[in-house]
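In order, the protein sequences belong to chains L and X. Residues 1 to 435, numbered by my numbering, are exactly what the first sequence covers, in order. Residues 436 to 537, numbered by my numbering, are exactly what the second sequence covers, in order.
I should point out that these hints are in silico values taken from the structure, not numbers from a laboratory. Bear in mind that the values here come from a model prediction, so they are computed numbers and not experimental data. Where is the CB? At the ideal position from N, CA and C, for every residue including glycine. Among these hints, one or two may not hold up.
[Unchecked claim] The list that follows gives simulated cross-link-like pairs (lysine to any residue, SDA-like), each with its CA atoms no further than 20 Å apart:
#, chain 1, residue 1, chain 2, residue 2
1, X, Lys488, L, Glu258
2, X, Lys454, L, Glu74
3, L, Lys175, X, Arg524
4, X, Lys488, L, Thr278
5, L, Lys175, X, Lys488
6, X, Lys454, L, Gly124
7, X, Lys488, L, Arg253
8, X, Lys454, L, Tyr37
9, X, Lys488, L, Val128
10, X, Lys488, L, Thr252
11, L, Lys366, L, Lys432
12, L, Lys354, L, Val335
13, X, Lys454, L, Gly130
14, L, Lys175, X, Arg519
15, X, Lys454, L, Gly149
16, L, Lys432, L, Leu380
17, X, Lys454, L, Glu36
18, X, Lys488, L, Ile254
19, X, Lys454, L, Val95
[Stated by the list, open to error] Distance ranges between label pairs, derived from CB positions:
#, chain 1, residue 1, chain 2, residue 2, range
20, L, Arg339, X, Asp465, 29 to 39 Å
21, L, Arg416, X, Glu491, 35 to 45 Å
22, L, Gln172, X, Arg457, 22 to 32 Å
Each chain, written out:
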Amino acid sequence: MEKFDAIVVGAGPAGVAAAITMARAGLSVVVLERGEYPGAKNVMGGVLYGSMVADVVPEFWKQDAPIERVVVEERVWLATDDSALSVGLRSVHGVYHPDGCPNAFTVLRARWDRWFAQKAEEAGALLVPGTTVEDLLWQDGRVVGVRTGREEGDLYADVVVLCDGVNSALVQRAKLRDHPVEPHHLALGVKEVIGLPAEVIEARFNLERGQGVTIEIYGAVTRGMSGYGFVYTNHDSVSVGVGVLLSHLMRTRIPPYELLEGLKRHPLVRPLLAGGETWEYSAHAIPEGGLRAMPKLYGDGVLVAGDAAMMVNGLHREGSNLAMTAGRLAGETVVEAKRHKDTSARTLALYAAKLEESFVLQDLRKYRDLPELVERRPDLFATYTELANYAAHEMLTVDGLPKREKQRRIWREVVRRRPPWALVRDLYQVWKAIR
Amino acid sequence: MEAYTPVRVEDKLYTLRWKHDRTSHITITDPRTCADRCGDEWRRPCTTFCPAKVYEWDPAQARIVVAYENCVECTSCLVGCPYRVIDWRPPRGGFGIQYRYG
Numbered sequence: 001m002e003k004f005d006a007i008v009v010g011a012g013p014a015g016v017a018a019a020i021t022m023a024r025a026g027l028s029v030v031v032l033e034r035g036e037y038p039g040a041k042n043v044m045g046g047v048l049y050g051s052m053v054a055d056v057v058p059e060f061w062k063q064d065a066p067i068e069r070v071v072v073e074e075r076v077w078l079a080t081d082d083s084a085l086s087v088g089l090r091s092v093h094g095v096y097h098p099d100g101c102p103n104a105f106t107v108l109r110a111r112w113d114r115w116f117a118q119k120a121e122e123a124g125a126l127l128v129p130g131t132t133v134e135d136l137l138w139q140d141g142r143v144v145g146v147r148t149g150r151e152e153g154d155l156y157a158d159v160v161v162l163c164d165g166v167n168s169a170l171v172q173r174a175k176l177r178d179h180p181v182e183p184h185h186l187a188l189g190v191k192e193v194i195g196l197p198a199e200v201i202e203a204r205f206n207l208e209r210g211q212g213v214t215i216e217i218y219g220a221v222t223r224g225m226s227g228y229g230f231v232y233t234n235h236d237s238v239s240v241g242v243g244v245l246l247s248h249l250m251r252t253r254i255p256p257y258e259l260l261e262g263l264k265r266h267p268l269v270r271p272l273l274a275g276g277e278t279w280e281y282s283a284h285a286i287p288e289g290g291l292r293a294m295p296k297l298y299g300d301g302v303l304v305a306g307d308a309a310m311m312v313n314g315l316h317r318e319g320s321n322l323a324m325t326a327g328r329l330a331g332e333t334v335v336e337a338k339r340h341k342d343t344s345a346r347t348l349a350l351y352a353a354k355l356e357e358s359f360v361l362q363d364l365r366k367y368r369d370l371p372e373l374v375e376r377r378p379d380l381f382a383t384y385t386e387l388a389n390y391a392a393h394e395m396l397t398v399d400g401l402p403k404r405e406k407q408r409r410i411w412r413e414v415v416r417r418r419p420p421w422a423l424v425r426d427l428y429q430v431w432k433a434i435r
Numbered sequence: 436m437e438a439y440t441p442v443r444v445e446d447k448l449y450t451l452r453w454k455h456d457r458t459s460h461i462t463i464t465d466p467r468t469c470a471d472r473c474g475d476e477w478r479r480p481c482t483t484f485c486p487a488k489v490y491e492w493d494p495a496q497a498r499i500v501v502a503y504e505n506c507v508e509c510t511s512c513l514v515g516c517p518y519r520v521i522d523w524r525p526p527r528g529g530f531g532i533q534y535r536y537g
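Starting from the given sequences, assemble the full structure and let the hints guide the process.
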């Protein structure tokens, strides 16, 4: 019987962070990954945040980490079909933390995950790709191992750390979720990676070598559904995609690839992609249900981290960083539990306490009411982007009409779309959900 | 931007690489539900939200035809089937979609 200190299911950001933390502390760790290589199944926009990586791999930016571009500018577009009101921040400050760690950078997950998993192997963890976990093994009401798809594939451990991603079947098997995940708890993201020469990207996006831009696009591109489109620059490719709630896709019956095609053909996006060649199409579910849709995070001999635990902050497009921090804290918890020779739920509860102290649960708690609002009010995205564009358009069109008259027109249009009482209610509801 | 943008998902799937298993990792546990209930009540949303067009309604056979080879493993159908009759399991270890960029 093969027995480890810990089994980690899934070699994504959460699983690898957990494995590195435990292996460095001297624990015997096996990481099971169902893909033929780490990253084979994984998709994100993708922006990653340096400080959470550095917590696990110190000074990673000085190593050969597959960073595509360091984000120097973030733009937000409120778009209609043929215009966009644009806000953004470009600054020489804040691009790097004082120690030289990049604040945010773009990655391609198939490359990044392989590199990250290699760090776990260097720390002493055993990585076993091409292996599916089919079930958990139990003894006296506690999880004691996993049943893999391999022959004689039962593995045992003191703790099993579930990092098997969105819609984890194992979380259910571990009896950590009593309510099923609902369609409004998920967004479906579709994306293309479009190849373009690095110099073309730098010229088009006003960048110097190694610098990158992110653009988030709200409004018409989601066709009345809640979500947003994005354009992120990689080294010699651009990631363009859109994510909307699954519940809204079910209602509108708009195929996600048509939504993506519409975004690519938007008059403001098309010139950014011109001449590019699609290298790869991809799609993935994103767990956006927030705090209220999270499973229980620990049980006897078992912990959950990352997408499997619904750790996504949709408003701030954060997820992989939450996963890394949660994975690290899960790892630290197992190390302490092993030291106390007790891996029951009583000791593993420390994991939840650590998460409460970190930004992970504090941010998810701050936005706990947002997912419900986003599900209920997709009209907010369309109405207010249209009004903002109309107002800007009116004020910038110089046609001899006095400005006061233009202001009156704008207000008339606002009131026509949203009567003052509805306007106040909308603002209050949004404020309440994000305060 | 056009209100309706026709697009062939096949052209997008063409950019992808899979290691195909011989047997499907997806089964419809109760095909009668798709025929008798879902058509009227939900118009079979799996045929539109699936980003890889795995699910197609065949009126002649009165059932959903599952092109499991196209599956990109996004897992949406696990939750998006209104009657939860899609039994989706991860493909065997090492099989299925293999993203090169992700």
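Hints, verified against the model:
1. With a CA separation close to 12 Å, the supplied pair Lys488(X) and Glu258(L) stays within the 20 Å bound.
2. About 37 Å separates the Cα atoms of Lys454(X) and Glu74(L), which puts this hinted pair outside 20 Å; it is violated.
3. About 18 Å separates the Cα atoms of Lys175(L) and Arg524(X), which keeps this hinted pair within 20 Å; it holds.
4. Distance restraint check for Lys488(X) and Thr278(L): the Cα-Cα separation of roughly 19 Å lies within the 20 Å cut-off, and the hinted pair is therefore satisfied.
5. Proposed proximity of Lys175(L) and Lys488(X) is contradicted: the alpha carbons are some 32 Å apart, above 20 Å.
6. For the hint pairing Lys454(X) with Gly124(L), the CA-to-CA distance comes to about 29 Å; that exceeds 20 Å, so the pair is violated.
7. Proximity of Lys488(X) to Arg253(L) is assessed by CA-CA distance (about 13 Å); at most 20 Å being required, the pair is judged to hold.
8. Proximity of Lys454(X) to Tyr37(L) is assessed by CA-CA distance (about 12 Å); at most 20 Å being required, the pair is judged to hold.
9. Between the alpha carbons of Lys488(X) and Val128(L) the distance comes to roughly 31 Å, so the proposed pair goes past 20 Å and is violated.
10. Taken as a hint, the Lys488(X) and Thr252(L) pair is honoured in the structure, with Cα atoms around 16 Å apart against an allowance of 20 Å.
11. With a C-alpha separation of about 10 Å, the suggested pair Lys366(L) and Lys432(L) falls inside the 20 Å cut-off, and the hint holds.
12. Only pairs whose Cα atoms come within 20 Å are accepted, and Lys354(L) paired with Val335(L) is accepted, the gap being roughly 13 Å.
13. With a C-alpha separation of about 11 Å, the suggested pairing of Lys454(X) with Gly130(L) holds against the 20 Å cut-off.
14. Taking the CA atoms of Lys175(L) and Arg519(X), the gap is about 19 Å. The hint holds against a cut of 20 Å.
15. With a C-alpha separation of about 17 Å, the suggested pair Lys454(X) and Gly149(L) falls inside the 20 Å cut-off, and the hint holds.
16. Using a Cα cut-off of 20 Å, the hinted pair Lys432(L) and Leu380(L) holds, with the two alpha carbons roughly 15 Å apart.
17. Restraint check for Lys454(X) and Glu36(L): satisfied, since their Cα atoms lie roughly 9 Å apart, inside the 20 Å limit.
18. A distance of roughly 12 Å separates the Cα atoms of Lys488(X) and Ile254(L); the hinted pair therefore holds under the 20 Å criterion.
19. Taken as a hint, the Lys454(X) and Val95(L) pair is broken in the structure, with Cα atoms around 40 Å apart against an allowance of 20 Å.
20. For Arg339(L) and Asp465(X), the hinted distance range of 29 to 39 Å is not satisfied, since their beta carbons lie about 50 Å from each other.
21. Look at Arg416(L) against Glu491(X): about 43 Å separates their beta carbons, and that is inside 35 to 45 Å.
22. The supplied range of 22 to 32 Å is met by Gln172(L) and Arg457(X), whose beta-carbon atoms lie about 28 Å from each other.
Checked against the numbered hints given earlier, the structure breaks hints 2, 5, 6, 9, 19, 20 and satisfies all the rest.
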